[in-house]
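So the protein sequences, as listed, match chains A and B.
Counted from 1, the first sequence has number 597 at position 282 by the working numbering; the numbering is strictly sequential.
Counted from 1, the second sequence has number 102 at position 73 by the working numbering; the numbering is strictly sequential.
Don't take every hint at face value.
Estimated spans, in silico, between C-beta atoms of each pair [unchecked claim]:
{"no.": "1", "chain 1": "B", "residue 1": "Asp420", "chain 2": "A", "residue 2": "Trp526", "range": "56 to 64 Å"}
{"no.": "2", "chain 1": "B", "residue 1": "Asn457", "chain 2": "A", "residue 2": "Thr330", "range": "24 to 32 Å"}
{"no.": "3", "chain 1": "B", "residue 1": "Asp420", "chain 2": "A", "residue 2": "Gln502", "range": "34 to 42 Å"}
{"no.": "4", "chain 1": "B", "residue 1": "Arg77", "chain 2": "A", "residue 2": "Asp556", "range": "52 to 60 Å"}
{"no.": "5", "chain 1": "B", "residue 1": "Glu444", "chain 2": "A", "residue 2": "Pro452", "range": "51 to 59 Å"}
{"no.": "6", "chain 1": "A", "residue 1": "Ile558", "chain 2": "B", "residue 2": "Tyr589", "range": "54 to 62 Å"}
{"no.": "7", "chain 1": "A", "residue 1": "Pro569", "chain 2": "B", "residue 2": "Glu418", "range": "36 to 44 Å"}
The set of hints was computed from the structure by calculation and includes no laboratory data.
Beta carbons: idealized from backbone N, C-alpha and C, even for Gly.
Below, each chain spelled out in residue letters.
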Amino acid sequence: MAATVKDYASPVKPTWCPGCGDFGILNAVKQGLVQAGLAPHEVLVVSGIGCGSKLPDYARVNGFMTLHGRPVPVATGARLANHDLKVLTVHGDGDSMGLGMGHFIHTARRNLDITDIIQNNQIYGLTKGQYSPTSDPGFITSTSPDGSAEMAANPLALALAAGGTFLARGFAGDVKGLAVLIAQAVQHKGYSLLDILQPCVTFNRKNTYQWYRDRVYKLEETDYDPGDRVAAFQKALEWGDRIPVGVIFQTELPTYEDQVPGLENGPVATRKLQKLSRKKVASLRAEFI
Amino acid sequence: MTTTNNMTFKIVGAAGQGVESSGAGFAQALARGGLHIFGLQDYMSRIRGGLNFYQIRVDEQPLYTHEEAVHVLLPLNKEALETYQHKVVKGGGIIYDAGLKVERRSVSKGGRKAMPVPLIEIAKEHGERVMANTAALGAAAGVVEYSFDRMADIIRTNFQRKGPEVVAANLRVARAAYIYAQERYAADFEWKLEKLADAPERMVMSGNAAFALGALAGGCRFISAYPMTPATSIIEWLAKHEHEYGVVTKHAEDEIAAVCMAIGASFVGARAMTATSGGGFSLMVEALGLAGICEVPLVVAEVQRGGPSTGLPTHTEQSDLLFVLRASHGEFPRLVLAPGTIEEYFECGWRAFNLAETYQTPVIVLSDHLLASSLRTIEVGAIDFDKIEIDRGKLLTESELDALTEQYKRHLFSEDGISPRAVAGHPNAVYATASDEHDEFGHITEDLFNRRKMMQKRMQKLETARREMKAPTRYGPQEAPIVLVGWGSTYGVLREVVDRLDGQGRLVHFRDLWPFPAQAAAEALRGGTLVTVENNYTGQFKRLLQSETCIQVDHTISRYDGRAFSPEDVLTGLKEVR
Chain A
316 MAATVKDYAS PVKPTWCPGC GDFGILNAVK QGLVQAGLAP HEVLVVSGIG
366 CGSKLPDYAR VNGFMTLHGR PVPVATGARL ANHDLKVLTV HGDGDSMGLG
416 MGHFIHTARR NLDITDIIQN NQIYGLTKGQ YSPTSDPGFI TSTSPDGSAE
466 MAANPLALAL AAGGTFLARG FAGDVKGLAV LIAQAVQHKG YSLLDILQPC
516 VTFNRKNTYQ WYRDRVYKLE ETDYDPGDRV AAFQKALEWG DRIPVGVIFQ
566 TELPTYEDQV PGLENGPVAT RKLQKLSRKK VASLRAEFI
Chain B
30 MTTTNNMTFK IVGAAGQGVE SSGAGFAQAL ARGGLHIFGL QDYMSRIRGG
80 LNFYQIRVDE QPLYTHEEAV HVLLPLNKEA LETYQHKVVK GGGIIYDAGL
130 KVERRSVSKG GRKAMPVPLI EIAKEHGERV MANTAALGAA AGVVEYSFDR
180 MADIIRTNFQ RKGPEVVAAN LRVARAAYIY AQERYAADFE WKLEKLADAP
230 ERMVMSGNAA FALGALAGGC RFISAYPMTP ATSIIEWLAK HEHEYGVVTK
280 HAEDEIAAVC MAIGASFVGA RAMTATSGGG FSLMVEALGL AGICEVPLVV
330 AEVQRGGPST GLPTHTEQSD LLFVLRASHG EFPRLVLAPG TIEEYFECGW
380 RAFNLAETYQ TPVIVLSDHL LASSLRTIEV GAIDFDKIEI DRGKLLTESE
430 LDALTEQYKR HLFSEDGISP RAVAGHPNAV YATASDEHDE FGHITEDLFN
480 RRKMMQKRMQ KLETARREMK APTRYGPQEA PIVLVGWGST YGVLREVVDR
530 LDGQGRLVHF RDLWPFPAQA AAEALRGGTL VTVENNYTGQ FKRLLQSETC
580 IQVDHTISRY DGRAFSPEDV LTGLKEVR
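With the rest of the complex left out, here is chain A (with noise of 0.2 Å):
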């Protein structure tokens, strides 16, 4: 029987303010991954530390809440320990491109088959409002108050640099289209990012909701192609007034684990153990005589 978003909820009500972009995350995530054909126990969500990394408590999934900025590295060890789980990364933008850049870049080039998910919201909310590396310049917050001085950092157009095979942006104000979104990225073979732009009622009032709804324009309503990949780079680059959200790029390349030699026999979590034969045992030994 195929699970239904019921199946995917938890007794645990959300701590977010209310009219958070994380309410819309959360139940697009949820219709996503029903959307995709997919179970709570088939599915690991493994976020980092933000108001949006909550979300593995208010969705009945396995879920793995970790540390600020590590998520992606943790995902990767389960995915490659066991590739029958469908893996998922939620988390913010101080997570993901602050302590997190470096994994992102990297796991963006290996094409592990992940979907990582990045609740862009321009600014730090739990800490109660710094500047994020998404910021636009200008911007001024408490740690920024006479504006930003920085560039802001583009998931999509550094995803794309490293090579990414799935890349797309979202709306959380937006649900019902984000959630198809997500179920493409979890159905996608590969590694996949999903930018989605995120207001923070409390302490952004630059990016609201009528600021996106103002901007966003839909890339599957025109003749954009997503497989050519320096078109690709303009779609990225694109942000002011007029914001894409959708598919920027999608190419199939062999997966990471595809690759592994371990894995020839399937997921190693869920071989049994058990100890070496006598054989295997003289041929180790042999090695050292």
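Mind docking chain B on chain A? Use the hints.
For chain B alone, kept in the frame of chain A given last:
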């Protein structure tokens, strides 16, 4: 006078001159003749140049350490000769290429024997110039009149994959050098080596290889690591066996990723570890706490080298002890094992996984450059595969999971502090856990009553584990007045010191360091003058011992120059005690 089967060779050359492969090959040739060897490696942190050495001590009895005296020096260049010639004993020989621009008289001062051999000429004449090292080893065997058959045997093994022509050329080179050196220098040379008839076949093994072998045999299915001397050979050894034994090896982008990947792999049920040295471990510290609070089994091999920071990258030290005992903010249970011998290092390879899974917490195997890279002959049965048990603790089986009727509690409160463990994948045990404090289900909570109970539950595991921590081992007579107290890699040298003290000394050696076996320590250390011997500046083990047992240590012998203690060093230190 002739001394048979009791001597030390020292091969010295620049990085890139093949010191390591020559040394290892020679050691193997001696082991195949039934002799015991101890091989000490010392190399510099560079790819070319500098001075590296491989020191091989040979005896008919098992050896656990090197000694200072060198009987045959094989310097592969002039700098090597000039730096180490003073280490050669009176009457000992220095074999060098006849083409080196050195005065024979200056080489032979101090009663040493200069033994020039046209190594490069011989190599060129009978093979190729690159075979000069083969010529040097052939000459060394010739001077001590060791069995050429054994030398030939190992040349065949080591050059086999390069084809029969390379094997034949190396054999010709070795034989010519052997004859040259034997004819000119053997009659007048005191030290000889003889192969032993009927000696059993023995293994020649380094510490890191033994550990990796133990881990593999104990069901290690995942290692993620970032290359760092002297730990790198652990993942390298496992990578070589990835295909045949189904172990996933991941060279991660950095040490933080390495430890996090191992935690992720373990979280879903694979026996997983990472391996690093002090600098990499420093980066892993936050994640250690993650494994601690989320109760994820984790094995970390911390192979110490000289610190702090980059320190002495290729040298030995025991200076991370107090760091690994305390690393991380906050409090959680951890176990620390410090093997003293290659056999114990092997055992740690599989035992660490049993402990990690039983207590669902990090287990640190603390070794060092000395133990990791030194070679010893080991009886085949001493690497005991039959003793291996695979104990996964309270890991729920498929049928136990099928039978679950209530909502699964990953962090169930229990008397011994250990909760039944399910890993992701079963419909009856879908759960999320968090590095935030959490309740029994894994849900985040800041409730103070839960916090107290959860802290007590986790810390209780330490008390439960204390019962199975191994007592220190003793070597030498219980009533001996001098008590040498050591931990980790100093076992070998201290054992030999006890032998040389001839009844006056005993060794109390600690392997399981945390939770500290305090009661057993108090019993073992009763009577005698306590002398701690450690490769660090601050006497870290002494501090640990004193804080855990209130036992006062009488004397400390320390070395913190990156070099391993020789028996002579310790005996010199003891002069102040007696």
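Taking the hints in turn, this is what the structure says about them:
1. Asp420(B) <-> Trp526(A): 56 to 64 Å: holds, 58 Å
2. Asn457(B) <-> Thr330(A): 24 to 32 Å: At roughly 28 Å between Cβ atoms, threonine 330(A) and asparagine 457(B) fall inside 24 to 32 Å, so the hint holds.
3. Asp420(B) <-> Gln502(A): 34 to 42 Å: At roughly 40 Å between Cβ atoms, glutamine 502(A) and aspartate 420(B) fall inside 34 to 42 Å, so the hint holds.
4. Arg77(B) <-> Asp556(A): 52 to 60 Å: 58 Å Cβ-Cβ, so the 52 to 60 Å window holds.
5. Glu444(B) <-> Pro452(A): 51 to 59 Å: Holds, since glutamate 444(B) and proline 452(A) (Cβ atoms, about 58 Å apart) stay within the stated range.
6. Ile558(A) <-> Tyr589(B): 54 to 62 Å: Since isoleucine 558(A) and tyrosine 589(B) have Cβ atoms about 59 Å apart, the given range 54 to 62 Å holds.
7. Pro569(A) <-> Glu418(B): 36 to 44 Å: holds, 39 Å
Hint check: no violations occur; every hint is consistent with the structure.
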